[in-house]
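In the working numbering, the protein residues as written are 11 to 337.
Quick caveat, the hints were computed from the structure, so don't treat them as lab data. Incorrect hints may have been included.
Said to hold, decoys possible - Estimated spans, in silico, between C-beta atoms of each pair: (1) Gln170 to Arg309: 49 to 57 Å; (2) Ser141 to Arg275: 44 to 52 Å; (3) Gln170 to Glu329: 50 to 58 Å.
From the three backbone atoms N, C-alpha and C, an ideal C-beta is built for every residue, glycine too.
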Amino acid sequence: MPVAAGHLRYPKARALLPRTRLAYVHLQNLLTDAKRDRAARVFGYVAIWLPEEFLVLYMEEGDVVNATATTDGRHWRALPIGEAVAKVPAAAEYGEICFHEAEDEQLAAMYATQVSPDIGWPAELPAAGTSALLGNLMATLFDGLLEVMADGEVNYLVFQHGMPLRGYVANESLAGDLTTRSRALIDRALLTGGSVRRWDVPPMLPNQAAPALISAYRDLTATLVRRLQESGAESALAVAEHARHQLMGTHPALERFSLTIPNQRDPVVEPGALSAAIAAWLGETLWHLHLPDGVTAERLLAEVARPRRHLFQAAGLFESLPWTIPW
Numbered sequence: 011m012p013v014a015a016g017h018l019r020y021p022k023a024r025a026l027l028p029r030t031r032l033a034y035v036h037l038q039n040l041l042t043d044a045k046r047d048r049a050a051r052v053f054g055y056v057a058i059w060l061p062e063e064f065l066v067l068y069m070e071e072g073d074v075v076n077a078t079a080t081t082d083g084r085h086w087r088a089l090p091i092g093e094a095v096a097k098v099p100a101a102a103e104y105g106e107i108c109f110h111e112a113e114d115e116q117l118a119a120m121y122a123t124q125v126s127p128d129i130g131w132p133a134e135l136p137a138a139g140t141s142a143l144l145g146n147l148m149a150t151l152f153d154g155l156l157e158v159m160a161d162g163e164v165n166y167l168v169f170q171h172g173m174p175l176r177g178y179v180a181n182e183s184l185a186g187d188l189t190t191r192s193r194a195l196i197d198r199a200l201l202t203g204g205s206v207r208r209w210d211v212p213p214m215l216p217n218q219a220a221p222a223l224i225s226a227y228r229d230l231t232a233t234l235v236r237r238l239q240e241s242g243a244e245s246a247l248a249v250a251e252h253a254r255h256q257l258m259g260t261h262p263a264l265e266r267f268s269l270t271i272p273n274q275r276d277p278v279v280e281p282g283a284l285s286a287a288i289a290a291w292l293g294e295t296l297w298h299l300h301l302p303d304g305v306t307a308e309r310l311l312a313e314v315a316r317p318r319r320h321l322f323q324a325a326g327l328f329e330s331l332p333w334t335i336p337w
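I would like the entire structure built from these sequences, with the hints used as guidance.
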């Protein structure tokens, strides 16, 4: 039987903040301290149990780099970081929170199993046989990941050539070597109505574009259009919006960058993909506008981007533009 999201528990290397009532913790201060203090710049996750939703904030070197959410513990979705943090009330009466240190490999496993489908098992394999499952992995020289869930405990087993190589186990009381513990975990899951699912080797944990970068790109595009209009290009807004709609098929993140709709939700997108999308949008807009005399695309972009030049440089914007910006 599936376990409610409020009972989910994940492995940890160290509990930096054990599960605590949310009323006693200020989330923003927790995240700020994790970034400011060099000793706290760890890899880990912040799990937040709200009355109607369960959130996981993924952290690398003290920075929140991704976020997921579920209402039932089974169906997950990736959330923009800013939206996930905003879901947590500043003075919450209900809910709980923990901050756990974890290996980067475990974080990648958690994220992959939440947002990507498993690869399933052969149809002819016995559904409730530990020996059959492990035998299949051995026979196929399986390389990948097992997620073993039982009574709310979520465990991860990394397999190489059909043998367990590493394990991230929520139940710290299990004894024995990794093979023994793996068998015990699968036995328990199958006997208690849990689940044993498998994935190929998960990719590294993807990093979302930070809310500050998304906000900076929104300011950049809005400022560019305003400067164009002030310079006499009255159709700048219409051209920019047309270009954005034309590019959304290739760059889905642009759906959340309307110049006419306020207070849009942030996109879930990696920094490189976002910079490529903004560069394509800027290029398409400026190519299709008749610029006023004495105004060039390069100089105009240099002017509007200068206040946050280093942020955009680090994000790879200028490398993606069709022009060389004259600084």
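**Asked** Which earlier hints turn out false for this structure, listed by number in ascending order?
**Response** 3
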